[in-house]
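J.: Here is how the chains run, residue by residue.
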Amino acid sequence: MQTGTDTLSLIFAALADPTRRAMLARLAEGPATVKELAEPFTISMPAISKHLKVLEHAGLIERGREAQWRPAQLQAAPLKDASQYLEQYRQIWEGNFDRLEEYLRKLQVEQSG
Amino acid sequence: MADTTADREIVVTRQFDAPRELVFAAWTEREHIEKWWSPKGATTHEMDVRPGGVWRYSQPIRGTDQSFKVEFIEINKPSRLVYDYGTDAANAPEPARTVVTFEEEDGKTVVTLQLLFATAAERKQAVKYGAIVGAMQALETLADYLAKI
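Going down the list, the sequences are from chains A and B. Okay, so the first sequence: first residue is 1 according to the numbering used here, each after it adds one. Okay, so the second sequence: first residue is 1001 according to the numbering used here, each after it adds one.
It is worth saying that the hints were derived from the structure and are not from the lab. Only a predicted model underlies this, so the values are computations on that prediction, with no experimental measurement involved. Just so it is clear, CB atoms sit at the ideal spot from N, CA and C, and this is done for glycine as well. Don't take every hint at face value.
Claimed, not checked - Which residues of chain A face chain B? A few of them, derived with a C-beta cut under 8 Å, are:
| hint | residue |
| --- | --- |
| 1 | R20 |
| 2 | A22 |
| 3 | S44 |
| 4 | P71 |
| 5 | W93 |
| 6 | G95 |
| 7 | L100 |
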C-alpha cells in the first residue's frame, strides 16, 4: 500500500467534511447505492455524487461497475491496517477509562458530601 | 494448531480509586454507564443485565446516531462481566467478545478489559466498522483544528 504525503492529504481532506464522514459511517455497515446514501441528507443527488467522488479519489471507497447506481463500498485499508485498528481500540478504551475515572471521582465526592 | 489470541485481542488495564461494588455498578447500571461510556453520552433503549439480556443504546458520532448492542453472557457481581459487543445493522461484523474483570486491591479496583475477536476473518470485517468509528473520533480533533487554521 502506498501512502505518500499526497495520499494522506487526500484522505484528510476527504475526512474533514462531516457529510462525507457520515457517509463513511453508513458504508461501514455495508455497501450502499447513491440513493441510499442520500437519504439522511437534505442535499441534492449531484452533491452526494460529488462527495462520493472525493471519497473514491482518496481511496476510501470503491464503486461497483454494474448498473447506473454503482453501489459504493468502504475501503478500510487506506485508513489503517489491522494492528493499527487494534491500537485505536486501545486508545478508545483508554479514553473510556479516563471518563470512568473522572465519573467515579465525582460520584464519591457527591456521596461523601 | 497453535491457538494464540494475541493477534486478535486487546487488553487494557486501569486502577480506579473506588470500591469494587461501585465500579461494577458503573458498568451495569443505566444511570451510571450512560455518563461515561462514550465521549458524548449514550442513550439507552433497553437494558437487561442478566445472561442473554441486552443493552441497546445509541451514541452520536459526528451528527449521526449510531446504534450498538451489548449482549450479556455472564454476570458475576462484582468480579466479572462477559458480553458481546456489536450492532444489529445488516452486514455488521461479528460481535467482539469482551471480558471485564474487577479485582479489589486495598480499597481500589483494578479493571482489566479483554476485547477478543472470534477469528481473523471476523476481525477483518470488524476492521471496516471499528476503523471508521475510531478514525472518526480521532479525526474529530483534527477536523476541528483544520477548521480553525
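J.: All hints are to be evaluated individually against the structure, with a verdict given for each.
T.: Structure-based check of all given hints:
1. R20: violated (10 Å)
2. A22: This hint holds: A22 (chain A) lies near chain B, its Cβ roughly 5 Å from the closest one there, short of 8 Å.
3. S44: With Cβ-Cβ at 19 Å, over 8 Å, it is violated.
4. P71: Hint on P71 (chain A): violated, closest Cβ of chain B at ~12 Å, above 8 Å.
5. W93: Holds, because the Cβ-Cβ distance from W93 (chain A) to chain B comes to roughly 4 Å (cut-off 8 Å).
6. G95: holds (7 Å)
7. L100: holds (5 Å)
Hint violations for this structure: numbers 1, 3 and 4, all remaining hints satisfied.
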